[in-house]
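Throw the hints in and build the complete structure from the sequences for me.
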Amino acid sequence: MTLLSVENLHVTFDTEAGVVEAVRGVSFALGRERLGIVGESGSGKTQTGRAVLRLIRPPGRIRADRMVFDGQDLMAAGERDMRALRGRRIAMVMQDPKYSLNPVMRVGHQLMEGLRQRDGLSRRDAHAKAVEALAAVQIRDPARVMEAWPHELSGGMGQRVMIAMMLIPNPDLLIADEPTSALDVTVQAEVLSILDNLVRTRGMGLIFISHDLRLVARFCDRVLVMFKGRIVEELPARNLMQAQHPYTRGLLDCLPRIGGPRTPLPALDRTADWAR
Amino acid sequence: MALIEIDDLSVTFAARHREVQAVRNVSLAVDARESFGLVGESGSGKSTILRAICGLAPISGGTIRIAGQPVPTRRGPGFSRRVQMVFQDPYASLHPRHTIDRTLSEPLAIHGLPDTDARVVRALTDVGLPPAFRFRFPHQLSGGQRQRVAIARALMLEPEILLLDEPTSALDASVQAETLNLLNRLRAERGLTFLMVSHDLAVIDHMCDRILVMQHGAAVEELPREALAKAQMKTDYARSLFAASADRLLGA
Numbered sequence: 000m001t002l003l004s005v006e007n008l009h010v011t012f013d014t015e016a017g018v019v020e021a022v023r024g025v026s027f028a029l030g031r032e033r034l035g036i037v038g039e040s041g042s043g044k045t046q047t048g049r050a051v052l053r054l055i056r057p058p059g060r061i062r063a064d065r066m067v068f069d070g071q072d073l074m075a076a077g078e079r080d081m082r083a084l085r086g087r088r089i090a091m092v093m094q095d096p097k098y099s100l101n102p103v104m105r106v107g108h109q110l111m112e113g114l115r116q117r118d119g120l121s122r123r124d125a126h127a128k129a130v131e132a133l134a135a136v137q138i139r140d141p142a143r144v145m146e147a148w149p150h151e152l153s154g155g156m157g158q159r160v161m162i163a164m165m166l167i168p169n170p171d172l173l174i175a176d177e178p179t180s181a182l183d184v185t186v187q188a189e190v191l192s193i194l195d196n197l198v199r200t201r202g203m204g205l206i207f208i209s210h211d212l213r214l215v216a217r218f219c220d221r222v223l224v225m226f227k228g229r230i231v232e233e234l235p236a237r238n239l240m241q242a243q244h245p246y247t248r249g250l251l252d253c254l255p256r257i258g259g260p261r262t263p264l265p266a267l268d269r270t271a272d273w274a275r
Numbered sequence: 000m001a002l003i004e005i006d007d008l009s010v011t012f013a014a015r016h017r018e019v020q021a022v023r024n025v026s027l028a029v030d031a032r033e034s035f036g037l038v039g040e041s042g043s044g045k046s047t048i049l050r051a052i053c054g055l056a057p058i059s060g061g062t063i064r065i066a067g068q069p070v071p072t073r074r075g076p077g078f079s080r081r082v083q084m085v086f087q088d089p090y091a092s093l094h095p096r097h098t099i100d101r102t103l104s105e106p107l108a109i110h111g112l113p114d115t116d117a118r119v120v121r122a123l124t125d126v127g128l129p130p131a132f133r134f135r136f137p138h139q140l141s142g143g144q145r146q147r148v149a150i151a152r153a154l155m156l157e158p159e160i161l162l163l164d165e166p167t168s169a170l171d172a173s174v175q176a177e178t179l180n181l182l183n184r185l186r187a188e189r190g191l192t193f194l195m196v197s198h199d200l201a202v203i204d205h206m207c208d209r210i211l212v213m214q215h216g217a218a219v220e221e222l223p224r225e226a227l228a229k230a231q232m233k234t235d236y237a238r239s240l241f242a243a244s245a246d247r248l249l250g251a
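If you read the protein sequences in the order shown, they are chains A and B.
With numbering that gives the first Met the number 0 applied, the first sequence corresponds to residues 0 to 275, in that order.
With numbering that gives the first Met the number 0 applied, the second sequence corresponds to residues 0 to 251, in that order.
If you're looking for bench data, these hints aren't it; they were derived computationally from the structure.
All C-beta atoms, glycine included, are put in the ideal place defined by N, C-alpha and C.
One should not assume that every hint holds.
If we take Cβ atoms under 10 Å as the criterion, some of the chain B residues that face chain A in the derived model are [unchecked claim]: (1) His16; (2) Ser168; (3) Ser244.
Now the in silico label distances, taken between C-beta atoms and shown as ranges [unchecked claim]: (4) Arg238/B / Gln116/A: 31 to 41 Å; (5) Arg229/A / Ala91/B: 24 to 34 Å; (6) Arg117/A / Val19/B: 25 to 35 Å; (7) Trp148/A / Arg189/B: 52 to 62 Å; (8) Trp148/A / Asp30/B: 55 to 65 Å; (9) Thr115/B / Ala16/A: 30 to 40 Å; (10) Glu225/B / Arg117/A: 53 to 63 Å; (11) Gln116/A / Glu157/B: 51 to 61 Å; (12) Arg199/A / His16/B: 33 to 43 Å.
Shown next as structure tokens:
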């Protein structure tokens, strides 16, 4: 069943230097699966994720032939309808906990804010639920983290706090923008298994935006490779390592490998025909 | 004698209601021209060791010696001419309202070094940036270009030791490759000593001769590069770290 379908999505920004097209004609459909979007910075992967939530502010503009979430036309929805969807049905985990958590609010307070306001829980229930959410993302000492300020957390802890916060309302679709790039491999594996579990048990759809090809190959079902605002290749994640497009190949080949040679790593050739 | 010697180092932060020991009795030695890697998960204390060397973290026990001399409590200009640090986040480590020219010439002014213009131009050329970048602000640069500026800044005083705190983890794979190549070239050309922190075992393997695995602020296991690729680790924790990086192996 299709949860989200996007046809011919464009995101453009009017700047002093002219019109910048961040996303140029992206189309995809998502069921209850894990869809990976990979590409370098500036490839338009983040803007694609934000456009689904219509989180592009002027001077940015979104244009699409069709963008439908669970039968609801996102292009025609009013701001009030969008607000009802955001967080509750479609949640987004942002890239950087440093900029996405409120720096002058204790972590516990931030986690409980939604529970108190949106779900009308009592202080005590909200506290219990927040602690539970922190424990669910494998935070060792939830009581301490509840009392902490965001600047007292490491990047990995901050990222897990944000994931906990997004998962509390039980969304149908989670857009995760580089959710694990601030984490190290062991914690990354834990966070991915948490996300994986949610996709399987709750039937949640997941859009996983990342620059890490190996991670996406291992974790997702299907992958879109983006370059300069376009999808250059779409393939099943398990075949990503055998990708054919020269851009995808270039991204794979420039990664260092354990036990690999100490010679300079091959750089990506940006002058080739495909890059124009 | 090793160039960097750390003996029984402990770092303790005073948090609300309790003390947090970020580094517990860690010892390590890095030879001149060697590249030494620290790996471990977030909060394992690997970055704190680098910060402690620079005097940016409260040392509660142990000693740090550079070329046999204990580091002075106030690090001072002599220290900054020997040891420089490159931080993880190029978006946060450059002054947003200073031009690249000002960022690069400030250390020269502080240390009273001559030929500012020529040195700034040479520093930019060395890290592969056009000299015209002098007059730009950090926001006019990409992440990879900013990290190149951060490396250029660290090299302005021609130090022997570079402390690298996750220098490429904020960068794209292709830009990471370029930055790692740049660091390796500079190390070969200038005979630099690296003490590098990363959570990516493949990056550490590519860059470092010896590796110290850390967990919860303590040293778990030290191993040479060859042992990593052959999976010859002795402790369970190092093995689990290796297992989690299985997709980064050659041929994977």
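Structure-based check of each hint:
1. For His16/B, the shortest C-beta to C-beta distance to chain A is roughly 9 Å, which falls under 10 Å, so the interface hint holds.
2. With its C-beta approaching chain A no nearer than about 8 Å, Ser168/B sits inside the 10 Å limit, and its interface hint holds.
3. Taken as an interface hint, Ser244/B checks out: its beta carbon lies about 5 Å from the nearest beta carbon of chain A, inside 10 Å.
4. For Arg238/B and Gln116/A, the Cβ-Cβ distance of about 46 Å falls outside the hinted range of 31 to 41 Å, so the restraint is violated.
5. For the pair Arg229/A and Ala91/B, the supplied restraint of 24 to 34 Å holds, since their beta-carbon distance comes to about 31 Å.
6. Checking the proposed 25 to 35 Å range against Arg117/A and Val19/B shows it holds: the Cβ atoms sit about 34 Å from each other.
7. As the Cβ distance of Trp148/A to Arg189/B is approximately 41 Å, the hint placing it in 52 to 62 Å is violated.
8. Range check, Trp148/A to Asp30/B: Cβ separation about 40 Å, and the 55 to 65 Å hint is violated.
9. Restraint check, Thr115/B to Ala16/A: a C-beta distance of roughly 32 Å satisfies the suggested window 30 to 40 Å.
10. Against the hinted window of 53 to 63 Å, the Cβ-Cβ separation of Glu225/B and Arg117/A comes to about 55 Å, which satisfies the hint.
11. About 56 Å separates the C-beta atoms of Gln116/A and Glu157/B, a value consistent with the hinted range of 51 to 61 Å.
12. For the pair Arg199/A and His16/B, the beta carbons lie near 40 Å from each other, so the given range of 33 to 43 Å is met.
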